[in-house]
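Asks: Given two chains presented individually in distinct reference frames, assemble the corresponding complex, making use of the accompanying hints.
Residue numbers (full-length UniProt numbering), protein chains in the order written: chain Z, 1 to 523; chain U, 1 to 221.
Hints are computed from structural coordinates only; laboratory data are not their basis.
Check the hints yourself; a few may be wrong.
Said to hold, decoys possible - Quick list of in silico lysine to any residue cross-link-like pairs, SDA-like style, CA-CA up to 25 Å: (1) Z:LYS142 with Z:ARG210; (2) U:LYS83 with Z:ARG210; (3) Z:LYS364 with Z:GLU352; (4) Z:LYS445 with U:LEU70; (5) Z:LYS74 with Z:ARG45; (6) U:LYS83 with Z:LEU44; (7) Z:LYS371 with U:SER17; (8) U:LYS83 with Z:HIS434; (9) Z:LYS141 with Z:ALA282; (10) Z:LYS329 with U:PRO51.
Unchecked claim - If you anchor each label on the Cβ, the simulated ranges turn out as follows: (11) U:PRO42 with Z:ASP241: 31 to 39 Å; (12) U:PHE54 with Z:THR79: 34 to 42 Å; (13) U:PHE54 with Z:ASN395: 18 to 26 Å; (14) Z:GLU286 with U:TYR44: 54 to 62 Å; (15) U:PHE54 with Z:ILE443: 49 to 57 Å; (16) Z:GLU333 with U:ASP55: 14 to 22 Å; (17) U:ASP55 with Z:ILE443: 25 to 33 Å; (18) Z:THR284 with U:LEU47: 30 to 38 Å.
Quick caveat: nothing in here was measured; it's all calculated off a predicted structure.
All C-beta atoms in this analysis are idealised placements derived from N, C-alpha and C, irrespective of residue type, glycine included.
So you can see what is in the structure, the chains are spelled out below.
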Amino acid sequence: MSGGRYETQLCTVLVAEQFGQAVADVAEKLLKEDCQLPSLAFKLRPTYNMAMIRKALAVLINFGFVTFVLDTNKRPVYTAHGDQILRLLTVPRFCLLVKTLYGSVAEDVCVELFSEGQLTCSDVLRRVFSRNDTLTIEELKKTFCDLTQAQFIIRSPAISGVSNGCPQLEHVQAPFNMPDSIFQVNNGPGEEKGRKRKSAKDEDDGIYWRVNWARFDVYARDEMITEFLITNTTVGRKMPDICIKTIQALFKTIELRASSLRMTATSPVSMLDMVKSAKENALTLEKADMAYVLGEFADETKGLVRKAGDSGGGLFVVDIEKTLTEICKHHSESLVREQFEGRAVRIMRLMEERHFLDEEQVEKLLMMGAKETKELLYALLEEGFIFTRPIGRTNDFQPARTFYLYHVDLQRTVRSLIECTCKLLRNLILRNAHERRENKQLIEKDLTTGPIIEGIRANEELDEASKKAQIEEVEEMYLPGHDRAKLERYRRSRSTLLAAQEKASQALFAFRLFLDVSVPQKA
Amino acid sequence: MGGRGRGGGGAGNAVRSVASALGIPRHEMGQYGHLKSVEPPPLYPNLQRGPLPFDMTADLIYVSNLRVELEQRFRESPYYLEKEEPRDIKRYTDKYSVVKRGKLQIDMSRLPVELAWRRETKVEKPAAKRRKEDVESVDDVIDKKLRKLEELEKREKHAENDEDGDEKEEEDEKSEKSDTEEQETLSEEDYAEEDNDYISNYFDNGEGDVGSDDNLGEDDY
Numbered sequence: 001m002s003g004g005r006y007e008t009q010l011c012t013v014l015v016a017e018q019f020g021q022a023v024a025d026v027a028e029k030l031l032k033e034d035c036q037l038p039s040l041a042f043k044l045r046p047t048y049n050m051a052m053i054r055k056a057l058a059v060l061i062n063f064g065f066v067t068f069v070l071d072t073n074k075r076p077v078y079t080a081h082g083d084q085i086l087r088l089l090t091v092p093r094f095c096l097l098v099k100t101l102y103g104s105v106a107e108d109v110c111v112e113l114f115s116e117g118q119l120t121c122s123d124v125l126r127r128v129f130s131r132n133d134t135l136t137i138e139e140l141k142k143t144f145c146d147l148t149q150a151q152f153i154i155r156s157p158a159i160s161g162v163s164n165g166c167p168q169l170e171h172v173q174a175p176f177n178m179p180d181s182i183f184q185v186n187n188g189p190g191e192e193k194g195r196k197r198k199s200a201k202d203e204d205d206g207i208y209w210r211v212n213w214a215r216f217d218v219y220a221r222d223e224m225i226t227e228f229l230i231t232n233t234t235v236g237r238k239m240p241d242i243c244i245k246t247i248q249a250l251f252k253t254i255e256l257r258a259s260s261l262r263m264t265a266t267s268p269v270s271m272l273d274m275v276k277s278a279k280e281n282a283l284t285l286e287k288a289d290m291a292y293v294l295g296e297f298a299d300e301t302k303g304l305v306r307k308a309g310d311s312g313g314g315l316f317v318v319d320i321e322k323t324l325t326e327i328c329k330h331h332s333e334s335l336v337r338e339q340f341e342g343r344a345v346r347i348m349r350l351m352e353e354r355h356f357l358d359e360e361q362v363e364k365l366l367m368m369g370a371k372e373t374k375e376l377l378y379a380l381l382e383e384g385f386i387f388t389r390p391i392g393r394t395n396d397f398q399p400a401r402t403f404y405l406y407h408v409d410l411q412r413t414v415r416s417l418i419e420c421t422c423k424l425l426r427n428l429i430l431r432n433a434h435e436r437r438e439n440k441q442l443i444e445k446d447l448t449t450g451p452i453i454e455g456i457r458a459n460e461e462l463d464e465a466s467k468k469a470q471i472e473e474v475e476e477m478y479l480p481g482h483d484r485a486k487l488e489r490y491r492r493s494r495s496t497l498l499a500a501q502e503k504a505s506q507a508l509f510a511f512r513l514f515l516d517v518s519v520p521q522k523a
Numbered sequence: 001m002g003g004r005g006r007g008g009g010g011a012g013n014a015v016r017s018v019a020s021a022l023g024i025p026r027h028e029m030g031q032y033g034h035l036k037s038v039e040p041p042p043l044y045p046n047l048q049r050g051p052l053p054f055d056m057t058a059d060l061i062y063v064s065n066l067r068v069e070l071e072q073r074f075r076e077s078p079y080y081l082e083k084e085e086p087r088d089i090k091r092y093t094d095k096y097s098v099v100k101r102g103k104l105q106i107d108m109s110r111l112p113v114e115l116a117w118r119r120e121t122k123v124e125k126p127a128a129k130r131r132k133e134d135v136e137s138v139d140d141v142i143d144k145k146l147r148k149l150e151e152l153e154k155r156e157k158h159a160e161n162d163e164d165g166d167e168k169e170e171e172d173e174k175s176e177k178s179d180t181e182e183q184e185t186l187s188e189e190d191y192a193e194e195d196n197d198y199i200s201n202y203f204d205n206g207e208g209d210v211g212s213d214d215n216l217g218e219d220d221y
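Just chain U, same shape as in the assembly (with noise of 0.2 Å):
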């Protein structure tokens, strides 16, 4: 009882030091200590004085009445970009309801070759499309090149495990099987995500590659 009266008569003296540096005067001090329950303010609370009301100039009927013309004007130019949503309802009055717009044409030569969103545009740009064929068909001879490499390197294990009988063979199918699989996977999703990206694809087939060579090996042992 006394500890607590004494922790209790300490705990006072720091709040009411605190107070009294604040400028709460000893009789008020109940008033604060009962505020617990804190609520949020009012969303819109009363204002004490209204707003000010201002002149409304010519020079100022005049701008807000243009930024309502370029709004306007905004809204039907082909930069105005909306999201095509699927109506639950289709309703006589949604072709006239629909804005026509004009088709979206910026100089593309301004713009990095990575932004060209339709397939057209690269016939205008010889050389971006010389370049993306180039890597296409460095990408093709590595293919190939991997691909003979490995019918190479089953034939030798051929000749190597020609006693150990079929049943390896088709493991080895299976396990090349289910490669390809994760393979087909994994390039969907990379196509998800960016469909002309000739990088990913490269990096898709040498992973492939790299899974079934490990596999083999595995095999070898």
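Pulled out of the complex, with its shape left as it was, chain Z reads as follows (with noise of 0.2 Å):
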């Protein structure tokens, strides 16, 4: 699973924002070239120790972003997966979707998960518990239990034994199910139970759980259709609320049969069954606008939406390829926009309608003079949004007797357009990092004022006037005005950065998604 150069370097900076420089750098070691811990070990032999190897391989294999196996002579071989670290992209994003759906126990219960790699239900438990007291237990529980059930969380493998000293992962036959045995364990008063239990084991010791990120990407994917589907259609222009409630609806029943990440278009669904789902789920929606929205994207998406059959009120069917593959045009076609200019786009297009063209063919078409079309036809070359093919009138491919057709080839640009991502992606994660540690003595000198202000506020002895001539004796004092100024400087590039990153992480999500779903063409 070894990405490009780009991939690679964002996945090290990625490891070394949230788990250090030493196990960044394991982790590079390994993304490069699959070892063994001897051979690892004389790879970092001057700067790391053999302990210092060890925890970082540990902590890496906590986080599933290192696997072993054994090897044909017994001793276990260690792997990284770059598709694992770049999760570590989409976390927040996470977070955001369990609150929405499950609440913020539930988002407390995922930070948990996240922030341990794996954990004992009991461990989440407790944890939660020791960081919002205002819940009970049984009310914790329950928020488990909903995510398993909901297939946000999943069962770690269980060990099914012990060979040449490296521990037999065994698949869990049903990973959803909570075991009865953790049932059984956190009845009572919370307080007392997380005293007693740190001295005994627990009923569900060794039983670990971990996020589980195919269901994400699934719930992703719907998500990322559904906002193209209405940012990209007249009918979601006009009534977008009626359209969101509509495709939610028809993943939702999806959902119930069988969704998988890989599959190239959903299964037909009745009118029925959506109206049943919607009404399953608390989404207000009458059945006459249902049906007049479906029509019209049926009628207006050329294909994305498609009307499959009449039975059972009509049945429809989203083109998952399609929708993907259009969502990536999207993309590559507004960067071409940007770094060019409308003209590009309208070459980009004529080109996908006609496929191979002749530099003549593009200016008549298009009508634009010979030299601008040269200019801009060279310049997409360059960057990789069309490609040539040469064709030889003779053999040898002689120059003056070989034209060239132009052409696009999507799978081949977004290939490119993955690295770029990747690239800016490392580029904002770096520069957010360095713009941290050139404003750490303001950041810490605003984390010092804070407590004293609220304490001056909290005191009751001093009148209105007074708390407000001191508050700002300390501000002036701590924080100057130009000091002030620089940090609020800091804190907005910081956000935009940060927003910067989770948009390109979703156009890298598209991208990844795209390649994987779509087939291969035959050129």
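Replies: Below, the structure is given as structure tokens:
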């Protein structure tokens, strides 16, 4: 699973941000090449000692970024998974999703699971409880069960035995079922239990849970498709609420049957089923509205949503592959528009329609000047948005007797766009880290002023006017005007950088999904 | 002169045909010919168009705030491994700037045994420990046997080379000494790489013994 150069760099930077440089160096070496512990130690020898390398590997394995298997000589070989490391980008979005679906308690559960890699159920409950003790254990347990039912949390593989000093991991048969032992554990008030349990072992010791990314990916994909359909159709722009609900109802209906990330189109869903699932999920939706919206979609989207039959009030299908293609096309076109001009986009669209074209044909069809066309074509060619195919009139491909046909190859473009996006993300993260380092003193000062001001506010002996005066004095002393302005600027740039990072990671997700789903074209 | 001219003309023709294929008119060819010094492109070129602003939705703001929070949390968690670097100057503020992290605790039963970085963890895994002991005891047995064999060999030699006198013996001792020295340096190197790898230990013993054997054999001849 080794990606390109920038993908590896991005992974390293991501790990360095969250786990420190030592773990990142180990991850980088493993991403470049699978290896055994001794050879890994050899590669890192002057900088890190054995204990550090062992710890770093243990951390990486704990978070699922590295796996191990026994090779033919019965020694464990470690493999890093870049796609798992890239998950670190989408963690906040996962939390947001869980929060909107199941409330903030569920979000806390997920945050705990993320920050520990994997945990036993009772550990999760204990940790969430220690942070937020307004909840009851029962409530927490119910949330945890809900999350497993919805398949957002999955069981880690169990250990079936040890061979040659390497634990053998076994796939769990029903990874979403809660074992009964969990329900027997934490009955009664949590606090006492918490203290007692530290000495004794939990009932569910060794049963670990982690976040189920596959489920999240499906959800994120559905969300992305919905957003695309809304923003790119007139119906969607006219009545976004109804459209969002309709498509959500459609996806919810399939979710119950089977929904895999690799499928190229949803199975046909009848209107009646959709109405039923809308009712179940408390989406207030009129059947007439739904029928109208779906009809409009089928007419307008050129096959992204299409009608597959008439039974059950009409069968509808969302063509996932086509929609993903459109999304990627949209991204690449907006990039072209930004780098070049609107005319370059016209060239791209023409090529998509007519496939292989000569320079002169482009010129004539678009009614553009020869020089201008040539310039744009060469620029697009250089940036990897269009490609040439040489066709020689003679066998020796002599330049004078060879002509070149231009064409677009979205898969090839997307592959290079993935690299670009990885580079962009890496730069954003590094820039953010740099800003943080530059403004370290200011941030620390701000952190110390906070409690002081809080203390003054909480002081009841002072009246309002003197409180205000004191607060101002403290602020002036610790953070004078220009420092405050600088801090404010840092905050603003940080939020812009993070937002850009978020957008870019969404685009990266779309690109990767497109490559996974789309069938390679035979050129 | 003529030859050169023709050669130049030939090259010119080729260049011209390529240029015409590329669509460069004849009168502009001179410009391209003079571009000799190729400088690397500037690191931060001015963009022709600035990036388009995007609207900060509530979701985006929430997600980015959460990311900041999570990163902070990771930086304070025991999973964040930093290399301890010796500081050149000791400062009073040092003890305040150090982030206090908990002890790294990972369920060792889910990891390969070779990753155990603490000695205590071995107590928790009786299976692994027993195996190690077994191997060590086997090692010891081999060691003892080899030593016995060596002694026997020496005694035999003494019987054979009695008349050769004490010189040979001294030589023997010397060669053996150098051998043991070699062995020591080797084992030190190996220990630097991995301190509890019993396989390399075993390998060392074998090498040392083989070496001394060879030397003794040479002495015989």
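Asks: Would you list, in rising numerical order, the hints stated earlier that this structure does not obey?
Replies: 2, 11, 13, 15, 18
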